[in-house]
Each structure stands twice: as C-alpha cells, then as structure tokens.
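**Student:** Letter by letter, the chains look like this.
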Amino acid sequence: MRAAFPQLDLVLIALMVLCVATVASAAEIGQIKISRGQVTVERDGRVLPGPVGTRLQTADTVKTGADGSIGITMDDDSLLSAGPNSVLSLDRYAFDPTTNKGRFDASLNKGTLAVISGRIAKESPDAMTVRTPTAVLGVRGTEFAVSVND
Amino acid sequence: MVCTLLGACATGTVVLLPEKDGRHTAVAVKQGDREILLEEPYAATRVTPVGPRAYRSSAQEVESQFGPALAARPSRAASFTLYFVEGKDEFTEESRLVVDRILSEIALRPVPDVLVVGHTDLVGSDPFNDALGQQRAETVRSALIRLGIPQSDIHAISRGKRAPAVPTADGVAEPRNRRVEIIVR
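Protein chains in written order, with this note's numbering: chain A, 1 to 150; chain B, 1001 to 1185.
Bound-form chain A, shown alone (with noise of 0.2 Å):
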C-alpha cells in the first residue's frame, strides 16, 4: 500500500508538524518575566497571582494592581509590559516555530502597555493585532506603546 502512495509520508509528517504546533500553541504561550506589585491573572474563569516565571495560555487575562506592572516575553519573542490598573488579554495565538508563521491577537482593556513584536509580526506583517475598546492596531512591526483611560 505504501509504495503505491509515495505521498503518505509526506502527509504524515504534516500532520505530525501540525499536531505538535497545535499542542504547543494550546497550552504554554509566554512567560511572566517581570512581575511588580499586584498582579493577577485569570483563566477559565479563576483569578491566579501573578509571579516572576508564570507559564501564560491562550485566553488569558493579566491584571495589575495600582501599584502593579508586569513584563511578558512570548514564545514568538514579542515582548509585552504593562504598567499600573492595566487589563490586558492574550485572547489568541497560534505560533510554529519552525516556519515562524502564527497569529497574535492581543487586547488592553484599559491601563498601558508597551510592545516589542515578534517573530510572528515579522513573518507575517497582518498576523499581529492589539485591540482596544474602540481601535484596532495592526502591527507591522516593532516598537510602540498603547494607552486606554478609563
């Protein structure tokens, strides 16, 4: 059978690649480098503190408190701080680290956050977004900071 189908392997080997991509992008995203301060971050619902190492998932939320700031380096090695009463969310991100292709949706939902892009923004200049209430920024690379008052 297999000699009759050279092209199985080929598919085979896609769809291994595929499904490691997809693990790796369902669970461990990013990672709290820096923590200041409160902060908390909520997932599925539960609110979680936020130290220094923290693994990030997709769908989460960080916030910090009045006296809080938070520094995140992401897989893609974008690079996202936050200063004090900041609501941000990691509400999607799919990234293959070998083609370096994926998708960064980001929001802040008030507060301020500062943004150095990744492998995934410079792959892809369309693949990175940061929304905030009322405007959307696609990211085409690199260097910017964004603020939501109250």
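To be clear, the hints were calculated from the coordinates, so they are not data collected in a lab.
Relax, there's no trap hidden among the hints.
Keeping only pairs whose Cα atoms sit at most 25 Å apart, straight-line, the calculated BS3-like set for lysine-lysine is:
{"hint": "1", "chain 1": "B", "residue 1": "Lys1020", "chain 2": "A", "residue 2": "Lys122"}
{"hint": "2", "chain 1": "B", "residue 1": "Lys1020", "chain 2": "A", "residue 2": "Lys101"}
{"hint": "3", "chain 1": "A", "residue 1": "Lys101", "chain 2": "A", "residue 2": "Lys122"}
{"hint": "4", "chain 1": "B", "residue 1": "Lys1030", "chain 2": "A", "residue 2": "Lys101"}
{"hint": "5", "chain 1": "B", "residue 1": "Lys1030", "chain 2": "A", "residue 2": "Lys122"}
{"hint": "6", "chain 1": "A", "residue 1": "Lys110", "chain 2": "B", "residue 2": "Lys1030"}
Derived list of chain B stretches under chain A, where covered just means 3 residues or more per stretch with a C-beta under 8 Å from a C-beta of chain A:
{"hint": "7", "region": "1065–1073"}
{"hint": "8", "region": "1110–1117"}
Think of the CB as a built atom: it goes at the ideal place given N, C-alpha and C, for glycine as much as any other residue.
Fit chain B to the given chain A structure using the hints.
**Tutor:** The following block gives chain B in isolation, referenced to the frame of chain A:
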C-alpha cells in the same frame, strides 16, 4: 463622564517608538473605517469618540505616560551561534568559549528559558532538513542539560533550511549554514 457609563467611548493614545537599530517600522491604527498609519518615531494618534487624531509625541511624553510599562519590559532575547567540528558531535574551540557566554547570560536572567534552534544548509528537501535541524538542536540541548541547565527550561526546535546565515541558491552545501542558534530569554 456620561460616555464612560455607556462604555462606548474610551479614549487613549498609540505612539510609535524609535527602533533600536533604526529599521523601518509601522503600526496601523484603525478606528471604524478610518485608519492612521504611524511610520515615524513618535508619530502618534489619539483615539477619541469622534475618530483618530494624529499628533506628534516625544521622548518626554512617552516617559511620563508609559514609564512604568517601559520599566517592566523583559530583557530582549540574546542569541548565540555554535558550530560543530566537521563530522563530529563536538563544538569547535571557539564555540566552547561561546558556551561560557551562554551560561553567564542564563545566570543573569531571573527566569531564563532557552531555545535551541537547529539550522541546515540548503541541500535537500524541507522535511529532510527540518528533521536534520531538529537532530542538531537535540544534540546541543542534551549537551547544555549536562552543563547544568534545567531540562524544563530548555527546548529544541528546528528552522530547517528556512533561515540560512549565508544566503545561497537551493541545493548549495555551505558549512556556515550548518549551525545551532541558542536563544536565551
């Protein structure tokens, strides 16, 4: 403010920051059907209930508005390259010194994670080179674990032939492209 109660007219700003190495960069700010493209350092827009308003920000304004967020930026990823003695599973003399620098860089970071990225030259197909790059990365990962880097903090991936250090035509053998990159972040 009435509009805060309605939750519909949050205002804010977007500022394009200068690039570390002066590369061209841009952010498109879209509000409804209006779009403002920020292309110069400190090009900025206010997001207002009546649409985006372009203006020019400054280093001082950015510092006063975004100081704490900028102060919380994680260190940028640091990248190192290791080469093998030809045909051997052994670092070159020079690369041995690079390993020391990698270990110091790791020690500098509060919660280091290390990415080992295998690269190949442009001989062969993508699937072949993806596997070969992965194999090279795994070899280096094991070596770094033996040097004391915790297993859970170090991951091996392959870019195959997609990111050659020295661009060549497809099918060209090039030793400088057979390398492993270590990213510490």
